[in-house]
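Q: Residue numbering for the sequence shown follows the numbering used here, beginning at 919 and increasing consecutively.
Hints are not guaranteed to be accurate.
[To be verified] Straight-line Cα separation of at most 25 Å, SDA-like style, residue types lysine to any residue; simulated pairs:
| id | residue 1 | residue 2 |
| --- | --- | --- |
| 1 | K974 | T960 |
| 2 | K974 | S929 |
| 3 | K974 | R963 |
| 4 | K974 | H948 |
| 5 | K970 | E932 |
| 6 | K922 | R933 |
| 7 | K970 | T949 |
| 8 | K970 | D944 |
The set of hints was computed from the structure by calculation and includes no laboratory data.
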Amino acid sequence: EQIKNALGVLSDREREVLEQRFGLVDGQDHTLEEVGRYFGVTRERIRQIEAKALRKLRHPTRSRQLRDYLEL
Numbered sequence: 919e920q921i922k923n924a925l926g927v928l929s930d931r932e933r934e935v936l937e938q939r940f941g942l943v944d945g946q947d948h949t950l951e952e953v954g955r956y957f958g959v960t961r962e963r964i965r966q967i968e969a970k971a972l973r974k975l976r977h978p979t980r981s982r983q984l985r986d987y988l989e990l
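All chains should be built: construct the whole structure from the sequences, respecting the hints.
A: Okay, here's the thing in structure tokens:
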């Protein structure tokens, strides 16, 4: 639930990229290349989307929510 709340600040595309990259849905992480093929963009573009999404999640108020979850 806390992860879903934290991911709620991301765009649909950012959320989907992170879910695929880190295996949040199916438990299997995927490479930049694989995710890029899925979205029809380059792996560099996926890297940029991932970096932007992670920056958003590192914002102090959001990272606090995730830290609380990880400490459970």
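Q: Against each hint, give a clear statement of whether it holds in the structure.
A: Structure-based check of each hint:
1. K974 <-> T960: 22 Å, holds
2. K974 <-> S929: Roughly 10 Å between the alpha carbons, so the hint for K974 and S929 holds.
3. K974 <-> R963: 17 Å, holds
4. K974 <-> H948: With Cα atoms ~21 Å apart, K974 and H948 stay inside 25 Å; holds.
5. K970 <-> E932: This hinted pair holds, its Cα atoms lying about 8 Å apart.
6. K922 <-> R933: Holds: K922 and R933 sit about 10 Å apart, inside 25 Å.
7. K970 <-> T949: Holds, at roughly 17 Å.
8. K970 <-> D944: Between K970 and D944 the Cα gap is close to 23 Å, so the pair holds against 25 Å.
Checked against the numbered hints above, the structure breaks none of them.
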